[in-house]
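Using the numbering used here, you'd call the opening residue of the sequence shown number 95 and step up by one each time.
Any given hint could turn out to be false.
Claimed, not checked - Here are the computed distance ranges between Cβ atoms for each label pair:
#  : residue 1 : residue 2 : range
1  : 101       : 123       : 31 to 39 angstroms
2  : 132       : 99        : 45 to 53 angstroms
3  : 98        : 120       : 40 to 48 angstroms
4  : 100       : 130       : 40 to 48 angstroms
5  : 131       : 103       : 36 to 44 angstroms
6  : 132       : 112       : 25 to 33 angstroms
7  : 98        : 130       : 45 to 53 angstroms
8  : 104       : 132       : 37 to 45 angstroms
9  : 106       : 127       : 41 to 49 angstroms
10 : 100       : 132       : 45 to 53 angstroms
11 : 131       : 99        : 41 to 49 angstroms
12 : 129       : 101       : 26 to 34 angstroms
13 : 102       : 131       : 29 to 37 angstroms
No lab work stands behind these hints: they were computed from the structure. Think of the CB as a built atom: it goes at the ideal place given N, C-alpha and C, for glycine as much as any other residue.
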Amino acid sequence: MPARQGGARRSALLVAYLEQLKGALRALIDTFSAHNRGGDER
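All chains should be built: construct the whole structure from the sequences, respecting the hints.
See below:
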């Protein structure tokens, strides 16, 4: 039982990490597109 619980906790951590990674990637893309738009407007 403890091993299964540890595995579940690990998978939950992995999911949280992937969500964080996805958010960071989206923020990075938003930053780049904002920079590109700003460069065109300027």
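Results of checking the hints against the structure:
A beta carbon spacing of about 33 angstroms between residue 101 and residue 123 agrees with the range 31 to 39 angstroms that was offered as a hint. Between residue 132 and residue 99, the C-beta spacing of about 49 angstroms keeps the proposed range 45 to 53 angstroms intact. Between residue 98 and residue 120 the C-beta distance comes to about 33 angstroms, which lies outside the given range of 40 to 48 angstroms. About 45 angstroms separates the C-beta atoms of residue 100 and residue 130, a value consistent with the hinted range of 40 to 48 angstroms.
Separation of residue 131 from residue 103 is about 42 angstroms and conforms to the stated range, judged on CB atoms against 36 to 44 angstroms. For the pair residue 132 and residue 112, the supplied restraint of 25 to 33 angstroms holds, since their beta-carbon distance comes to about 30 angstroms. At roughly 48 angstroms, the beta carbons of residue 98 and residue 130 sit within the given window of 45 to 53 angstroms. At roughly 42 angstroms, the beta carbons of residue 104 and residue 132 sit within the given window of 37 to 45 angstroms.
At about 32 angstroms, the beta-carbon gap between residue 106 and residue 127 misses the expected band of 41 to 49 angstroms. For the pair residue 100 and residue 132, the beta carbons lie near 47 angstroms from each other, so the given range of 45 to 53 angstroms is met. Distance hint for residue 131 and residue 99: a CB-CB separation of about 48 angstroms, consistent with the stated range 41 to 49 angstroms. For residue 129 and residue 101, the hinted distance range of 26 to 34 angstroms is not satisfied, since their beta carbons lie about 42 angstroms from each other.
Residue 102 and residue 131 have their C-beta atoms about 43 angstroms apart, which leaves the hinted 29 to 37 angstroms range violated.
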